[in-house]
Structures are given as C-alpha cells and as structure tokens.
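**Q** Starting from the known structure of chain P, fit chain R onto it as the hints suggest.
Chains P and R, in that order, are what the protein sequence lines are.
Residue 345 in the working numbering is what sits at position 345 of the first sequence, and the numbering runs on without skipping anything.
Residue 148 in the working numbering is what sits at position 148 of the second sequence, and the numbering runs on without skipping anything.
It is worth saying that the hints were derived from the structure and are not from the lab.
Just so you know, nobody snuck in bad clues.
Identical copies look the same in the list; a pair holds intra-copy or inter-copy alike.
Okay, derived cross-link-like pairs now, SDA-like style, lysine to any residue, Cα gap no bigger than 25 Å in a straight line: (1) K262 - N344; (2) K146 - W47; (3) K109 - C125; (4) K224 - Q197; (5) K109 - L124.
Number of protein chains: 2
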Amino acid sequence: MADFTVAEFETRMSLAQSAMSKAGLDAILLCTEAELRYFSGFRTQFWQSPTRPWFLVLPRNGDPIAVIPEIGSDLMSRTWVRDIRTWASPDPVDDGVSLLADILSAFDKVGLPMGQEASLRMPLCDFYRVQQKSCVEFVDCSELIKAIRIVKSDAEIAILRIICGIGSNAFDRATELFCAGQPLSEAFRAFKIALLQEGAEDVPYLVGAAGQGGYGDVISPPGKTPLQDGDVLMLDTGSSLQGYFCDFDRNFAIGHASDAAKQAYDTLWQATEAGMQTARAGATCADLFHAMHKTLGGGISDVGRYGHGLGIQLTEYPSIASFDDTVLQPGMVMTLEPSMTISNGKMMVHEENILITEDAPILLTKRAAPELPIIR
Amino acid sequence: MADFTVAEFETRMSLAQSAMSKAGLDAILLCTEAELRYFSGFRTQFWQSPTRPWFLVLPRNGDPIAVIPEIGSDLMSRTWVRDIRTWASPDPVDDGVSLLADILSAFDKVGLPMGQEASLRMPLCDFYRVQQKSCVEFVDCSELIKAIRIVKSDAEIAILRIICGIGSNAFDRATELFCAGQPLSEAFRAFKIALLQEGAEDVPYLVGAAGQGGYGDVISPPGKTPLQDGDVLMLDTGSSLQGYFCDFDRNFAIGHASDAAKQAYDTLWQATEAGMQTARAGATCADLFHAMHKTLGGGISDVGRYGHGLGIQLTEYPSIASFDDTVLQPGMVMTLEPSMTISNGKMMVHEENILITEDAPILLTKRAAPELPIIR
Numbered sequence: 001m002a003d004f005t006v007a008e009f010e011t012r013m014s015l016a017q018s019a020m021s022k023a024g025l026d027a028i029l030l031c032t033e034a035e036l037r038y039f040s041g042f043r044t045q046f047w048q049s050p051t052r053p054w055f056l057v058l059p060r061n062g063d064p065i066a067v068i069p070e071i072g073s074d075l076m077s078r079t080w081v082r083d084i085r086t087w088a089s090p091d092p093v094d095d096g097v098s099l100l101a102d103i104l105s106a107f108d109k110v111g112l113p114m115g116q117e118a119s120l121r122m123p124l125c126d127f128y129r130v131q132q133k134s135c136v137e138f139v140d141c142s143e144l145i146k147a148i149r150i151v152k153s154d155a156e157i158a159i160l161r162i163i164c165g166i167g168s169n170a171f172d173r174a175t176e177l178f179c180a181g182q183p184l185s186e187a188f189r190a191f192k193i194a195l196l197q198e199g200a201e202d203v204p205y206l207v208g209a210a211g212q213g214g215y216g217d218v219i220s221p222p223g224k225t226p227l228q229d230g231d232v233l234m235l236d237t238g239s240s241l242q243g244y245f246c247d248f249d250r251n252f253a254i255g256h257a258s259d260a261a262k263q264a265y266d267t268l269w270q271a272t273e274a275g276m277q278t279a280r281a282g283a284t285c286a287d288l289f290h291a292m293h294k295t296l297g298g299g300i301s302d303v304g305r306y307g308h309g310l311g312i313q314l315t316e317y318p319s320i321a322s323f324d325d326t327v328l329q330p331g332m333v334m335t336l337e338p339s340m341t342i343s344n345g346k347m348m349v350h351e352e353n354i355l356i357t358e359d360a361p362i363l364l365t366k367r368a369a370p371e372l373p374i375i376r
Numbered sequence: 001m002a003d004f005t006v007a008e009f010e011t012r013m014s015l016a017q018s019a020m021s022k023a024g025l026d027a028i029l030l031c032t033e034a035e036l037r038y039f040s041g042f043r044t045q046f047w048q049s050p051t052r053p054w055f056l057v058l059p060r061n062g063d064p065i066a067v068i069p070e071i072g073s074d075l076m077s078r079t080w081v082r083d084i085r086t087w088a089s090p091d092p093v094d095d096g097v098s099l100l101a102d103i104l105s106a107f108d109k110v111g112l113p114m115g116q117e118a119s120l121r122m123p124l125c126d127f128y129r130v131q132q133k134s135c136v137e138f139v140d141c142s143e144l145i146k147a148i149r150i151v152k153s154d155a156e157i158a159i160l161r162i163i164c165g166i167g168s169n170a171f172d173r174a175t176e177l178f179c180a181g182q183p184l185s186e187a188f189r190a191f192k193i194a195l196l197q198e199g200a201e202d203v204p205y206l207v208g209a210a211g212q213g214g215y216g217d218v219i220s221p222p223g224k225t226p227l228q229d230g231d232v233l234m235l236d237t238g239s240s241l242q243g244y245f246c247d248f249d250r251n252f253a254i255g256h257a258s259d260a261a262k263q264a265y266d267t268l269w270q271a272t273e274a275g276m277q278t279a280r281a282g283a284t285c286a287d288l289f290h291a292m293h294k295t296l297g298g299g300i301s302d303v304g305r306y307g308h309g310l311g312i313q314l315t316e317y318p319s320i321a322s323f324d325d326t327v328l329q330p331g332m333v334m335t336l337e338p339s340m341t342i343s344n345g346k347m348m349v350h351e352e353n354i355l356i357t358e359d360a361p362i363l364l365t366k367r368a369a370p371e372l373p374i375i376r
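Next up, chain P with everything else stripped away, as it sits in the complex (with noise of 0.2 Å):
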C-alpha cells in the first residue's frame, strides 16, 4: 500500500529534524492533509469528512507520533508510523483535546504551519485548548515545512511526471471528445473519463470556461450552454495519480478561431517558451515572473501571478510572481501559466508543468502546439 519507501519517509523526517534543531523547536504539530500525507504517507480521501481531526508530531528527537480518530488506525498501522494514538471520534466533550495536549505537554516550543498558504484544520476552540492544556508556545514552522516539501525526490518525480503524461494523453484526445453543439458540462464530462481511461487515479479539479474569442474566467464549474463555432474552450485540470498532481491547461478553437484568439495563443505560448529559457537553479521565481511578463507587454491578469510550485496538492509554494525571491532548485517541479487580458472581460491562460535542473528545465507535460489547436 506504502507510496513511497521507508528511506523516503525517514528523510524527510531526517531534514524536518535538522531544521527543528536549527530553528529551537521541539516538535511540529500538523493537522492537514498535505503534510500528515507527506511526513506519515497515510493517504485517504476521507478528509472530505469535516468531522474528525487529524494530528501528527514530529519530534526533534524520535519517530513520529499519529494521535488520529479509531477509524483510520488500520491505514495508519500500513504507514511506516509506529507511534499511533487512538480516541474514539468523534467525540463532542473531548474530540482528541485531552490526548494531543498530554503529548504536547512534554515538549516546550512547538512549530505549526501558520503562515501563507495553512489552515487549521482542527476546531479554533479546540486549539485553544490545547494551547491551555499543553502550555507549550506554538511558533509558526511554514517556512520550515516549505522548504522541505519544495525539493522533490526522484521517487516524487516520477509519480508526477506519469501524471503529467496521463494529462497530455487525454489532452491529445481533445478532437475526438468535444465539438460544436456540446454543451460545456459534456465537453468537461467526456474530459474527465479521458482522464480516468488514460490512468488518472482521480480528477479532483477540472474548470474551464468556453467564449467567443476568449474566456471570463478560469475557476468556474461548467454551465451547459453548447460549444459554438469562434468559441476558444480551455480546460484546466489537477488529475491526481496516488495523491500526486498535474496541473495544465489547454486551449482549442471551436470551428475557427479569430486573428485576436490566435495572437493572444501565440504571445502565451512565446511568454511560457522565455520562462522555460529563465527558469533553471539558481534563478529566483521574480526572475522567471519579469522573463515572462516582459513577453506578455505588461500587464497582468486577475489570477495575480505567472505559476506556482506542484506536487501534493495543485498548487504549492512558491509563486511566480513579482515578490517572490525563492532561488530556483534541482528537483523543484512548478507550473508554467502566464495568462493575458485580451479585451474587457475575455482572457486566455496557457500552462505547462516543468522540472527544475542545473540546466534547461524538463518539460513534464507535452508542450503544447505553437498554433491555437482548431476542432472543426
């Protein structure tokens, strides 16, 4: 069942451990998906259930320690985590309150992810209990946990580059899936069956839009208004394969496509071929964000920023973006996705998901055609 082997896990560990001593922590508590599946390697959909929390502790000594609700102690007893504490959840007086606080309670300073892009995925009222329970002063650890999660190993590159082929494989079945006269919501549905048919263990994100020339947005849900000759469809999706992400878009004219459509295709094409020139180690993300939107003439979308980090979840630190000065690293996998007001109200994005090296980035996604794809 174990996605990755017990080396894998032990290193990660190892470096979390390292950067804990480094910064006076005693311990990191986590209670999201990402980083209980990414330290611990338990994996399950059941995270959609709000109910229960989830809890794991990194000790800066020792192994890890999985304070989890009964249920999931059976995936967990499959995991390489040895240390698993159990409550019967849920629980309306005490839902795993009690217990992870008695575990807190031994240690002085403890790193949460706090800072951009966490949440707290257990009830305020109950952190703050723990908080009083444990009297441990929680420091916020983002940055550690970033920095660890950034670099992916070889065993993590090749489960996304498989994704990222299973996602240019449906792409490439874009003539045979959609046409005039289908409404969006079938174009988006033969979609993610090409997906699932091409190996995609699951589809949690697919938006898109379709219109004349160009698009209103990029993070709607399709409505069922058909294809119609001059509309440019993109789809965008996240395809998972065990827990891991591509993220990349495609753009196809209906029918035909109009001069204004194929020009904004091909300045969004050229703006992701200057980032694939830039993006190499040692560049910084704001490299790579200037490299693209000097090709791209200035200005820039609603969606705030050029592409992002990618792995166990669809988006992932870092940004590409004006701010963001995290130095470009070997094994560092980010999405490409420059995008483009065409005129008031119609926009087009372009994305590809590529591999940091020393040298030229690899490519993990089948570059997309030069020329605005045409499905008559």
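**A** This is chain R only, laid out in the frame that chain P set:
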C-alpha cells in the same frame, strides 16, 4: 450559472440574521468552502489551491460582503452577492488582512465557526492580525450555522435525490463493472467512470476495500490486489452534483459468500431497517443510534457512529451516536450507516441515504438488496 434562486439565498441570509439577533452578534465571518458556497452560491473547485484565502461577511443588518482575491471576482459577480471587495492575491505582506479587518472594524462582536467540525481556512498568523487590527471580539457561532444548514430546502432535496439516484444506477451496473481477477484499483476506476456516465458531476470520494469475508478498514484508497473468490467487495462513494453529495456504499461477494459474510450482511441490513423505523421527526439521533445498536447486538466498530447528516459536504452535522441529542426535523437528510466487527480485523459496513419527514423517512438511495449480492 446559479444553483439556486435569489429567494433561496435571501432565506438563508435572513435565517442567519435572525439567529445573529438572538445571539447578540453584529456579523458572522466565514472562510471555509461549504459555508461560503451555502450563503453566496460561490461554487468552484479552486478551493483545491491552498494559496489564497476567501472571506464572506454576513452583517446582522444589510447585505453579505464577499472579500475575495481578484481571480474570483468574475465568478462571484454571477452569484446573488452584490458587494464584492477584492484584492490582488497572493500578497505575501497583506493577503486580504487589512481589507478584511477594515470591514470587520465596523462591528463589535463577530461570530466565527470555531466548534466541532469547523476549520480555520486562513493562516492562523493572519487571523491574529485581523483580530488585532479590527479590535473585534470573535465568538464561536458553529451551532448557529449548523442549525440553519441542517434542514434542507426543497431545492436542495431535489438535487440530493438526483445524485443519490445516480449513485444507485451506477451500483446497479455492478455485475457489468466488477469481476474476479480485476485489480481493486481497476474496479475503482470502472466505478468512477460509471458514476460520471450516469450523471455525477464529480466523484470527490470513493473509498472501499475487498477481503475474504470482510475487510479491514473503510477509508483506504485501492491497492492492485485482484478480486478473488470469497472476497467481499465494498465501495463507498461520495459523488456530487452541483456540489451536493450522495454518500452510501454497497457490498458484493465475489464468486461466493461465506455464511459469516451473509449473516453480517443480514444483520446490517436489519439494523438499517430498524433505523428507518425510528427515523422520523421528533426522535433524536441517540434514539436512532440505540435502535440500530440493539439490532447489531451491541459492540461498535472503529467508525464511532452509525451515520450522519449529508448535503454540501460528504458528512455533515449531526452524528448518529449515543451522545447526540439532536432532534430530527423534516427536511434533514441523513445517512444510516451501521457497521460491525465480524472477526478480528474484519468488518462490514452498510449505508443508505434518507430524508426525514413527519412520518416514515423517504429513501433517497435505491434500497440495497436484502441478501448479499454475489458477482459470479
């Protein structure tokens, strides 16, 4: 694009405002997917990205205020919400904090869901800053929100009825979809495709297991072990339509069923019958629990409850548990989910979805066969 009429949202808002008056709250702050969607109609899978926070402020007097990243302005403008304040996100220095704090500073006492089943989907550090900048007193309003969401409107019930029907139709194809020798992961894939073909928009949740005469847990992703004669295969799906979930499972024996498996299945089926006999307006969740527990002959599996609410989340408040004194009301949609331990490390679970009325509940799922179906 709207999933519901403006009148439906006005009713939800008005219920919230009455409850705020009673509770002495000046406003409510929401930051989680289900709550934003429930009160605004803002539906997107973009919540998969942890990067940006999203806020909705419900004042006791006046209209709701969406405080959101620019990337969502187009989609939000298609909801009933008219007061939309945006900022360029992500912003590492001030990701909506000042904008939100400024709006909240008009209020003294602000409700925030902080109790059981609640999460804080924003960085805790930013929450502290909002608290400090706005000088607002935050108090838990989980119960207030739950009391509104727990009773489904006719429009919500209509969607829930359809998605439960879609799930039932997909399960009806079991003999076509599953067979001995098929890796469990391929059974999952076939079933996901069938759910989409039958009309599900998404399959955010599919868990299950297979094992000789029973299975070890009920929250795992599938492995590649082929189904074999004597296995009991269980699939439990939370498929969705317009963001509303069905949540039920079915068991199938592969080739043949042992007497122990048949008997466990019968016990669970009878426990569900007992639940349906008891489930009507005026009874409590605890009554429902005890009726099912008696049929099961005592003893409880690691699941910790015998069902729960259902709607825009896979599991919603309340819990069918001995500790839950929630009184059933017409319009509540629930799962009945008895589970039992068959032998050491082997369990079985059974699940139906029902609508509570003044009289007998209405089954939303097509009732499971009274005897364990065998796939030959």
